[in-house]
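The whole structure should be built from the sequences, with the hints applied where relevant.
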Amino acid sequence: MVQFRNVLAFLALTALGADANRGNVQRRAAAAASPAVSPVNTQAQLAFLSDILGRPATPDMIANLDAAHMNSVIKTEVAKSNSQGLYPENTVVSALETKNPPKFAPAAKRIVITGDRLANINAHALYAAAAYCANGLSGWTCGDRCAPGIKVVSTFKDPNTDTVAYVGYNAANNEILVVYRGTSSIRSAITDAKFWKADATQGLDRLQVPSGAKVHSGFLAAANIASDFVHQSINTILTTVPGSQDWNLSVVGHSLGGAISILSAVELLDYLGDSWNDKISVYTYGQPRTGNQVWAEWVETLPFASRISRTTHTNDIVPHVPPTLLSFMHHQTETWIDSNGALNTCSDSTSAEAKDCANSEWLYSIDAHLAGYSPMPMGAFC
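Positions -20 to -1, 1 to 362 (mature numbering (1 follows the signal peptide of the UniProt record, and there is no 0)) are the ones given, in order, by the sequence shown.
Treat the hints as calculated values from the structure; they're not laboratory data. Quick caveat, the model's predicted, so the values are computed rather than measured. Beta carbons: idealized from backbone N, C-alpha and C, even for Gly. One should not assume that every hint holds.
Unchecked claim - Restraint-style ranges between C-beta atoms, simulated for each label pair: (1) Gly119 / Ser52: 24 to 30 Å; (2) Gly65 / Val221: 50 to 56 Å; (3) Thr38 / Gly223: 48 to 54 Å; (4) Gly223 / Lys60: 48 to 54 Å.
Claimed, not checked - Derived BS3-like pairs (lysine-lysine); straight-line CA-CA distance at most 25 Å: (5) Lys83 / Lys335; (6) Lys194 / Lys335; (7) Lys335 / Lys89; (8) Lys131 / Lys259; (9) Lys79 / Lys194; (10) Lys79 / Lys335; (11) Lys83 / Lys194.
Structure representation (structure tokens):
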């Protein structure tokens, strides 16, 4: 049995995200990465589920990839693994959060989100779920995950940082989409990647970043390595699709993809210029903490800050890592899916994490990271 003390030391050397050398966060040419996304096969699906469960997954678990079936499998099998003591990180993260709680905003009454805002958050969650369907992105052939009306322009994969993305557009909504996939090995990422921070200025040319602003170096490496690809893809849309110069831009991602998304949105504001101040939106789901307090507070001052939706779900463990003990902190604005499936507003006070949403939970689980953000499960089940 893993000793609590050893697990604490182990966790202190790890975090959700892409492994990267301390200095390897400079922008790199997209040509260094494969321009195509490799197909996901049964073996990869079993590997993904085995990683989640902490034990071998069996073919019968993925014999039916219907969303309702896979959501049930995730919840049932994760519960079994939990009963077998296969998730020591749940206890450790809970202990760290309790011992060193986030800087809380004043508690506020939660209000259930409805109408267009709810519809937008739900629609973009589906785009995030589609990013896991590597074999169906180019042709937009990922079944129920592929929402109608989306035209995919290009896809991207970098094996070194496990970064996968697609860029497309929805002409009916006047919207350009940049969507990042979560990591292919969520629990392995929790236990294998580094907590190193890098200067948030890296990869930026125009924006004035405050002194002391730091972000997770692995997340920044992943965002920067995809930036040239994203620039080229957006420029293709702007130069070939009539009227697209007046469209909005949404950056979307789940898990690791959520952290990359907020960093990518900052970089795109820097790259595209002030004319895009009012046209960028960010939708993240199960995003880990991405930077320190200085960086989080700076993000809340950016022109698109009011159009950030950082969605969390019940007791999902991932938004609680890296821990605040290591000086990481979330930016606003959090929206929280409660145990009844309702999407709630959280404290709107800036410069602190909301107390009344994800931080009201102290017993964490990985199943809430995969099932519950969308009718479609997040993961390689397609």
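Enumerated hints in conflict with the structure, sorted upward: As far as the earlier hints go, not one is violated by this structure.
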